[in-house]
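K.L.:
Residue numbers (the UniProt record's numbering), protein chains in the order written: chain A, 1 to 318; chain B, 1 to 532.
Treat the hints as calculated values from the structure; they're not laboratory data.
What you are looking at is a predicted structure, and each value in this text was computed from that prediction instead of being measured.
Careful: at least some of the hints might be erroneous.
[Said to hold, decoys possible] Below 25 Å or equal to it, Euclidean Cα-Cα: the simulated PhoX-like pairs (lysine-lysine) are:
1) Lys226/A <-> Lys450/B
2) Lys110/A <-> Lys450/B
3) Lys12/A <-> Lys352/B
4) Lys226/A <-> Lys12/A
[Stated by the list, open to error] Label-pair restraints from in silico Cβ distances:
5) Trp7/B <-> Asp188/A: 25 to 35 Å
6) Asn113/A <-> Asn187/B: 25 to 35 Å
7) Gly75/A <-> Val139/B: 51 to 61 Å
8) Val155/A <-> Leu522/B: 54 to 64 Å
[To be verified] Per the computed footprint, the stretches of chain B lying under chain A, defined by three or more beta-carbons under 8 Å from a beta-carbon of chain A, are:
9) 37-45
10) 405-411
11) 421-435
Even glycine gets a Cβ: it sits at the ideal position worked out from N, Cα and C.
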Amino acid sequence: MFHLRLVPDNTKIPFMNGRIAGLVVSAILSIASIVLFFHPGLNYGIDFRGGIVIEARTPQAADFASLRHTLSGLGMGQVALQEFGSPQDVLIRLERQPGDDAAQQAAADKVRNTLAQSIPGTQVRRVEAVGASVSGELFANGMLALGLAMLAMLVYIWFRFEWQFGFGAVVTLILDITKIVGFYAITDIQFNLTAVAAILTVMGYSVNDKVVVYDRMRENLRIYKKMPLRDLIDMSINETLNRTVGTSVCTLLSIIPLALFGGEALQDFGIVLIFGVILATSSSVFIAAPILLFLGENRLRRGSPDAASAGNTPATTP
Amino acid sequence: MLYFSRWKIYLILATCIAGFILMLPNFMGRDTLAALPSWYANTRVSLGLDLRGGSHLLLEVDMATVIRDRVEGLVDGARQQLRTANVGYTALNAGERAVTVQLRDPAQAEEAVKALRQLSSPVGRTALGGGQPDLDVTVNGGTVTVALSEVALRDRATQAIEQSIEIVRRRIDETGVNEPTIARQGNDRILVQLPGVEDPDRIKRLLGTTAKMTFRLVDVNADPSSGRAPPGSEILPSTEGDRYQSKYVIRKKVEVDGATLQNASAGTNPQTGEWVVNFEFNTAGANRFAEVTKQNVGRPFAIVLDNKVISAPVIREPITGGRGQISGNFTAANANDLAVLLRAGALPAPLKVIEERTVGPDLGADSIRAGLTAVVVGFVMVCVYMIASYGLFGAFACSALFVNLVLTLAALSLLHATLTLPGIAGVLLSLGLAVDANILINERIREETKKGRGVFASMEAGFSRAYSTIVDSNLTTAIKMALLFVFGTGTIKGFAVTITFGILISMFTATVLVRLMMVTWLRRTRPAVLPV
Numbered sequence: 001m002f003h004l005r006l007v008p009d010n011t012k013i014p015f016m017n018g019r020i021a022g023l024v025v026s027a028i029l030s031i032a033s034i035v036l037f038f039h040p041g042l043n044y045g046i047d048f049r050g051g052i053v054i055e056a057r058t059p060q061a062a063d064f065a066s067l068r069h070t071l072s073g074l075g076m077g078q079v080a081l082q083e084f085g086s087p088q089d090v091l092i093r094l095e096r097q098p099g100d101d102a103a104q105q106a107a108a109d110k111v112r113n114t115l116a117q118s119i120p121g122t123q124v125r126r127v128e129a130v131g132a133s134v135s136g137e138l139f140a141n142g143m144l145a146l147g148l149a150m151l152a153m154l155v156y157i158w159f160r161f162e163w164q165f166g167f168g169a170v171v172t173l174i175l176d177i178t179k180i181v182g183f184y185a186i187t188d189i190q191f192n193l194t195a196v197a198a199i200l201t202v203m204g205y206s207v208n209d210k211v212v213v214y215d216r217m218r219e220n221l222r223i224y225k226k227m228p229l230r231d232l233i234d235m236s237i238n239e240t241l242n243r244t245v246g247t248s249v250c251t252l253l254s255i256i257p258l259a260l261f262g263g264e265a266l267q268d269f270g271i272v273l274i275f276g277v278i279l280a281t282s283s284s285v286f287i288a289a290p291i292l293l294f295l296g297e298n299r300l301r302r303g304s305p306d307a308a309s310a311g312n313t314p315a316t317t318p
Numbered sequence: 001m002l003y004f005s006r007w008k009i010y011l012i013l014a015t016c017i018a019g020f021i022l023m024l025p026n027f028m029g030r031d032t033l034a035a036l037p038s039w040y041a042n043t044r045v046s047l048g049l050d051l052r053g054g055s056h057l058l059l060e061v062d063m064a065t066v067i068r069d070r071v072e073g074l075v076d077g078a079r080q081q082l083r084t085a086n087v088g089y090t091a092l093n094a095g096e097r098a099v100t101v102q103l104r105d106p107a108q109a110e111e112a113v114k115a116l117r118q119l120s121s122p123v124g125r126t127a128l129g130g131g132q133p134d135l136d137v138t139v140n141g142g143t144v145t146v147a148l149s150e151v152a153l154r155d156r157a158t159q160a161i162e163q164s165i166e167i168v169r170r171r172i173d174e175t176g177v178n179e180p181t182i183a184r185q186g187n188d189r190i191l192v193q194l195p196g197v198e199d200p201d202r203i204k205r206l207l208g209t210t211a212k213m214t215f216r217l218v219d220v221n222a223d224p225s226s227g228r229a230p231p232g233s234e235i236l237p238s239t240e241g242d243r244y245q246s247k248y249v250i251r252k253k254v255e256v257d258g259a260t261l262q263n264a265s266a267g268t269n270p271q272t273g274e275w276v277v278n279f280e281f282n283t284a285g286a287n288r289f290a291e292v293t294k295q296n297v298g299r300p301f302a303i304v305l306d307n308k309v310i311s312a313p314v315i316r317e318p319i320t321g322g323r324g325q326i327s328g329n330f331t332a333a334n335a336n337d338l339a340v341l342l343r344a345g346a347l348p349a350p351l352k353v354i355e356e357r358t359v360g361p362d363l364g365a366d367s368i369r370a371g372l373t374a375v376v377v378g379f380v381m382v383c384v385y386m387i388a389s390y391g392l393f394g395a396f397a398c399s400a401l402f403v404n405l406v407l408t409l410a411a412l413s414l415l416h417a418t419l420t421l422p423g424i425a426g427v428l429l430s431l432g433l434a435v436d437a438n439i440l441i442n443e444r445i446r447e448e449t450k451k452g453r454g455v456f457a458s459m460e461a462g463f464s465r466a467y468s469t470i471v472d473s474n475l476t477t478a479i480k481m482a483l484l485f486v487f488g489t490g491t492i493k494g495f496a497v498t499i500t501f502g503i504l505i506s507m508f509t510a511t512v513l514v515r516l517m518m519v520t521w522l523r524r525t526r527p528a529v530l531p532v
């Protein structure tokens, strides 16, 4: 019977040959991401910055020029207009209005009324107005969730594996997260509460992937007591390669429809997850494993390297 | 791991069937549901506001005003207490949360403290008794300070928010919104969710009005345009409805409080055809109103709402029936709104809307359609991949994935969980993560087979080896989602909920159910090689 195999069986790819290259490329990308985070910075959504978003559907294709003119005339600072899905759908974004939280509400009502007057038949499909105090708290909570998630992962992996594994996983996670943030900066996708959910999801996926590869390394460490760590890591990655690729493909297959059919709201989420899954899969191989190799060279096994090279046959048969 | 006792098989099948039955009401029409017993008809997922359309408002109680009101009350109380006790003072000032009294004679400090202590009342009382005084009275030379204690402030805040929630509920009920959710959030916030409300303008206006109504006398001797009011009076603006004057000098003393109103309704004046609000006092209010109107015939009597004068008609004759009428150039809509506000009662402090998220119903419907399309396409694509990769075992995994969807929906229905748009994304993502377990198992079985093991041994080893990895990887995801549930807000919580359920249930469907299918197939066909 024919079975689809994306990766041939019994691969012996020497992944650890690329350990330095992997870490260097990753470090460069992460540093670039951090630079991008500060300049030009993230496109914070109203969840975190406060402000007003209104989605409207006009009876005919929207006339952006006149709409921009009308709304700018309200004297409410910069008004950003954007086509949203179809030529009839307009997304209107306003900066946070000076004054207290109630000022946002007043401004939102004003835009709503202006729309109703200037383009009769316009349907306001969505209104979101968030004040400064709420957006500040949402941001703090989001960051707290990310920080705690990181801590929980460290503790969990530490508890289940040796500390080298926990450290390797968390460093990899930090590198992953910086790159996702960089992705947000480059693509100008809005950074809001959904973004926090996306980052947490990618973190979950990434740890998940690392756990599977680590699990196999731990198992092989017990079986092949004398194999050099470098060969053992390569072997473990190769053995789990089919699973890694399979799961990544399945997860991608489930996310791609999100980016294609999920509507404007879920599209960004889907795109970030696609990037994240690819990132997390490659970081298991090119970052988490090399870190483990550097940390664990002499610690994860007993016995001298000389003795280790003497044989790499299974010590025990389970 | 390959043996299933008979009762275990029944239990597994029963779980699947129960899940299927429990999720059915989600797809039934209104008529079918009406014919079913309510406990069963109600096991449905409730749709979040982003999917069904509606308005989400976050309100904040202005606690500064609550405290200021209390301090102002303390000033009046202190003045009276000191007068009764015959304690002279040179100054009586209200601070942020304390009142300071400058005594004329420091020797009277003890008497002053004794008199002022009487203002205190116990707070934080429990069923066991106890409670602490709400005021701290301290002396420093000739200065006596009466401060609200920490407990008192907290108690006051709790009271204010509980009262506010009650009033908000009454006001919203008056507007006829279906199934509103009104809940306390944090120390000073109220979350209001209004399904089906497309333009929350009117409700925001209703909630943004304190509606503190008082009846007070007009100080006719003072000139409102002078800009300065005599002691005991204040200058108040009139509402736009008042045609006669833009400002009034009103006495501070409240003759009749709006809290004594029993009923209010909008109506028209039969003579002029104008919109008016008719009101009715309770007994205490009616008596008080009769007394005041009797004593002040010929003088203007102001109706003040939230420090604005609605009207100030001249009392022509004593009103003893306890009924009255407010006319103030109303339209039908704002006469109705005022009646609603008066019936529901005044808020203890102003409420501010600090967050609004409104979604129109057709956008919600679009989102549901988009979400469902994505789920169906995702499901089909994952299944195609699994069957292409693992043949029969892939098909087993797919049927388990379908059962996973059914059971997830059943669990959400049982808990009446709210499904949001991010929640649908969670369902989709958990499809991909759930088959991970099957991929792990199948790959493992394959490896074992290649090592030359027999059919049963490979399968046994495949399941038991993969199991610890599956538990590990799923637990890490569950930890994340728990954090997201705690710290996330609103619709994002829905994402955490669906993905957590999807993953926990996949532990059952992807391992137990798939194992049952494989074992059954194995016993029936007794193959020489496994189709992986």
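K.L.:
All hints are to be evaluated individually against the structure, with a verdict given for each.
P.N.:
Checked hints:
no., hint, verdict
1, Lys226/A <-> Lys450/B, "holds (24 Å)"
2, Lys110/A <-> Lys450/B, "violated (71 Å)"
3, Lys12/A <-> Lys352/B, "violated (65 Å)"
4, Lys226/A <-> Lys12/A, "holds (19 Å)"
5, Trp7/B <-> Asp188/A: 25 to 35 Å, "violated (58 Å)"
6, Asn113/A <-> Asn187/B: 25 to 35 Å, "holds (34 Å)"
7, Gly75/A <-> Val139/B: 51 to 61 Å, "holds (55 Å)"
8, Val155/A <-> Leu522/B: 54 to 64 Å, "violated (40 Å)"
9, 37-45, "violated (count 0)"
10, 405-411, "violated (count 0)"
11, 421-435, "holds (count 10)"
Violated hints for the displayed structure, listed by number in ascending order: 2, 3, 5, 8, 9 and 10.
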